[in-house]
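Enquirer: The primary structure of each chain is shown beneath.
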Amino acid sequence: MDELQKRLSALEARLRAVEDELALYRLMTSYGPAADSGDGAKASEIWTEDGVYDADGPGVMSGRGAIVAMLSEEGHQSMVPGCAHLNHPVVIELDGDRATAVGYSQVWRTDDGKHRVFRLAANRWEFARTDEGWRVVRRTNRRLDTAPAREILRSTPRQ
Amino acid sequence: MDELQKRLSALEARLRAVEDELALYRLMTSYGPAADSGDGAKASEIWTEDGVYDADGPGVMSGRGAIVAMLSEEGHQSMVPGCAHLNHPVVIELDGDRATAVGYSQVWRTDDGKHRVFRLAANRWEFARTDEGWRVVRRTNRRLDTAPAREILRSTPRQ
Amino acid sequence: MDELQKRLSALEARLRAVEDELALYRLMTSYGPAADSGDGAKASEIWTEDGVYDADGPGVMSGRGAIVAMLSEEGHQSMVPGCAHLNHPVVIELDGDRATAVGYSQVWRTDDGKHRVFRLAANRWEFARTDEGWRVVRRTNRRLDTAPAREILRSTPRQ
Chain A
1 MDELQKRLSA
11 LEARLRAVED
21 ELALYRLMTS
31 YGPAADSGDG
41 AKASEIWTED
51 GVYDADGPGV
61 MSGRGAIVAM
71 LSEEGHQSMV
81 PGCAHLNHPV
91 VIELDGDRAT
101 AVGYSQVWRT
111 DDGKHRVFRL
121 AANRWEFART
131 DEGWRVVRRT
141 NRRLDTAPAR
151 EILRSTPRQ
Chain B
1 MDELQKRLSA
11 LEARLRAVED
21 ELALYRLMTS
31 YGPAADSGDG
41 AKASEIWTED
51 GVYDADGPGV
61 MSGRGAIVAM
71 LSEEGHQSMV
81 PGCAHLNHPV
91 VIELDGDRAT
101 AVGYSQVWRT
111 DDGKHRVFRL
121 AANRWEFART
131 DEGWRVVRRT
141 NRRLDTAPAR
151 EILRSTPRQ
Chain C
1 MDELQKRLSA
11 LEARLRAVED
21 ELALYRLMTS
31 YGPAADSGDG
41 AKASEIWTED
51 GVYDADGPGV
61 MSGRGAIVAM
71 LSEEGHQSMV
81 PGCAHLNHPV
91 VIELDGDRAT
101 AVGYSQVWRT
111 DDGKHRVFRL
121 AANRWEFART
131 DEGWRVVRRT
141 NRRLDTAPAR
151 EILRSTPRQ
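Order-wise, the sequence lines are chains A, B and C.
Residue numbers 1 to 159, in my numbering, belong to the letters of the first sequence in order.
Residue numbers 1 to 159, in my numbering, belong to the letters of the second sequence in order.
Residue numbers 1 to 159, in my numbering, belong to the letters of the third sequence in order.
Rather than coming from a laboratory, the hints here were simulated on the basis of the structure.
Remember, it's a predicted structure, so these values are computed and weren't measured experimentally.
Certain hints may be false.
Pairs count within a copy or across copies, as identical chains cannot be separated in the list.
What the hints assert, rightly or not - Below 25 Å or equal to it, Euclidean Cα-Cα: the simulated DMTMM-like pairs (lysine to aspartate or glutamate) are:
{"hint": "1", "residue 1": "K42", "residue 2": "E126"}
{"hint": "2", "residue 1": "K6", "residue 2": "E19"}
{"hint": "3", "residue 1": "K114", "residue 2": "E74"}
{"hint": "4", "residue 1": "K42", "residue 2": "E151"}
{"hint": "5", "residue 1": "K6", "residue 2": "D95"}
{"hint": "6", "residue 1": "K6", "residue 2": "E73"}
{"hint": "7", "residue 1": "K114", "residue 2": "E151"}
{"hint": "8", "residue 1": "K6", "residue 2": "D39"}
{"hint": "9", "residue 1": "K114", "residue 2": "D54"}
{"hint": "10", "residue 1": "K6", "residue 2": "E126"}
{"hint": "11", "residue 1": "K42", "residue 2": "D97"}
{"hint": "12", "residue 1": "K42", "residue 2": "E132"}
{"hint": "13", "residue 1": "K114", "residue 2": "E93"}
{"hint": "14", "residue 1": "K114", "residue 2": "E73"}
{"hint": "15", "residue 1": "K6", "residue 2": "D20"}
{"hint": "16", "residue 1": "K42", "residue 2": "E19"}
{"hint": "17", "residue 1": "K42", "residue 2": "E74"}
{"hint": "18", "residue 1": "K114", "residue 2": "E19"}
{"hint": "19", "residue 1": "K6", "residue 2": "E151"}
{"hint": "20", "residue 1": "K114", "residue 2": "D20"}
{"hint": "21", "residue 1": "K114", "residue 2": "E126"}
Only chain A is shown next, with the shape it has when bound in the complex (with noise of 0.2 Å):
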């Protein structure tokens, strides 16, 4: 009997961690449909109340307020509808109740129904486990063609 308790306490820790890297790729995705819908408040979600959102064009946003600001801003008014925000393929690292993830960005636009790719970037992306589930700590954002991009993406954990 001790056994089997055994068994199903481990199968149930590996279930959850397959279970917490599928909730933080669609905590990552979603970002891009509320953005590309226009939902600034929805998309700021996806962080902590007090998380941060460092992008080297807007700078550092401190909080899901700052973050719904950037979105609400002509700047990215403007792109929508039209825009994707892509935030993806990338690497999950689990730590218990936090994580981080490497990966890409690409933001998309279209301008007189020609889709262009306006931004590809490098992210280093940290995670808490809340009673909200998942959210975002901190995303740092960098152009890719930049050092720092370039250290983010040597952060990647060997696999």
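Assemble the complex: chain A is given as a structure, and chains B and C must be docked to it using the hints.
Expert: For chains B and C alone, coordinates are given in the frame of chain A:
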């Protein structure tokens, strides 16, 4: 013993949800390689026999036969080889034997060795678990720079 | 009790398949951040020591050393920083301690601040479970607008 049975049943249900999510990713992803290698029949088989593909170019296609017909047209075949239908990234939501997904699709084509994006779209997918496994009941595809695309993206569930 | 043991063993096998699929996604995805940050050794380590990378530009590279050499060449290094090797999306098929995947790869580069796709290709991946974890035994990469690419895409398993 009862306790163990309960934990096992809970694990089985959670694991099935994880397997379902991965199966749905594979199902959506497999559309591309079939369409891009000119195998319309295989591409159509991700739908149920009477599944619907509602795309704002070719219109509403009802049933696998209509989807095969669209993929057999000169407009599609002239892109093969050289096109890439990428159904990513998406956010999946399970509900027992039904599921939905919301996300992006990209169609790339290659002309004279040059790649370009031909179409970016928002997609809403509705799935059913069938005897053949998960199948698409309805896929709605709208060009990214349209109001309906925005509505599709807005329907992404909060994570 | 026997019944419980059986259910547990079945769960363990299914969970292992799910973990394998996610590990293979991470493995393929991790090629990009290594290659794009100029760390050829790390990029080569997703292969087995004598793994093969057969790409229709640089040709057949046998063993990690040959892959490091290709990534050290001026042609590759001149793209760093600013390039993105995106190995997505793919469909994975498991077979015990072996696995295959079929999908797409994109190579982006940035010149004078402008991003463009440099190469779209079809990929077939063959994996083995090793003491180091899953590793690539052979990766075959063909430009999307070629007949071999079409054959690769055709080999995607029906879902």
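Enquirer: For each hint, tell me whether it holds in the structure or not.
Expert: So, going through the hints one by one against the coordinates:
For a Cα distance limit of 25 Å, the shortest separation of K42 from E126 qualifies both inside one copy, at 19 Å, and across copies, at 23 Å. In this assembly of identical chains, K6 and E19 lie within 25 Å of each other by CA distance both inside one copy and across copies; the values are 20 Å within and 19 Å between. Taking CA atoms no more than 25 Å apart as the test, K114 paired with E74 passes in both settings, with 20 Å inside one copy and 23 Å between copies. For the identical chains of this complex, K42 and E151 are inter-copy neighbours only, at 14 Å across copies versus 30 Å inside a copy, given an alpha-carbon limit of 25 Å.
Proximity of K6 to D95 under the C-alpha cut-off of 25 Å is restricted to the intra-copy arrangement: shortest distance 21 Å within a copy versus 28 Å between copies. Taking the shortest Cα distances, K6 and E73 never come within 25 Å of each other, neither inside one copy (54 Å) nor across copies (51 Å). Proximity of K114 to E151 under the C-alpha cut-off of 25 Å is restricted to the inter-copy arrangement: shortest distance 21 Å between copies versus 33 Å within a copy. In this assembly of identical chains, K6 and D39 lie within 25 Å of each other by CA distance neither inside one copy nor across copies; the values are 46 Å within and 41 Å between.
In this homomeric assembly, K114 and D54 come within 25 Å of each other (Cα to Cα) only across copies, at 22 Å, whereas the closest approach inside a single copy is 29 Å. Neither within a single protomer nor between protomers do K6 and E126 lie at most 25 Å apart by alpha-carbon distance, with minima of 31 Å and 34 Å respectively. For the identical chains of this complex, K42 and D97 are intra-copy neighbours only, at 23 Å inside a copy versus 28 Å across copies, given an alpha-carbon limit of 25 Å. In this homomeric assembly, K42 and E132 come within 25 Å of each other (Cα to Cα) only inside a single copy, at 13 Å, whereas the closest approach across copies is 36 Å.
Taking the closest pair of Cα atoms, K114 and E93 never come within 25 Å of each other, the shortest separation being 37 Å inside a single copy and 31 Å across copies. In the homo-oligomer, the alpha carbons of K114 and E73 lie at most 25 Å apart both inside one protomer (23 Å) and across protomers (24 Å), since each shortest distance falls under that limit. For the identical chains of this complex, K6 and D20 are neighbours both inside a copy (21 Å) and across copies (22 Å), given an alpha-carbon limit of 25 Å. Within a single copy, K42 and E19 get their C-alpha atoms as close as 22 Å, which meets the 25 Å cut-off; across copies the closest is 28 Å, which misses it.
In this assembly of identical chains, K42 and E74 lie within 25 Å of each other by CA distance solely inside one copy; the values are 18 Å within and 42 Å between copies. In this homomeric assembly, K114 and E19 never come within 25 Å of each other (Cα to Cα): the closest approach is 38 Å inside a single copy and 38 Å across copies. Taking the shortest Cα distances, K6 and E151 never come within 25 Å of each other, neither inside one copy (41 Å) nor across copies (47 Å). Proximity of K114 to D20 under the C-alpha cut-off of 25 Å is found in neither arrangement, the shortest distances being 37 Å within a copy and 36 Å between copies.
In this assembly of identical chains, the alpha carbons of K114 and E126 never lie at most 25 Å apart, being 34 Å within a copy and 28 Å across copies at closest.
Of the hints listed earlier, those the structure fails to meet are numbers 6, 8, 10, 13, 18, 19, 20, 21, in rising order.
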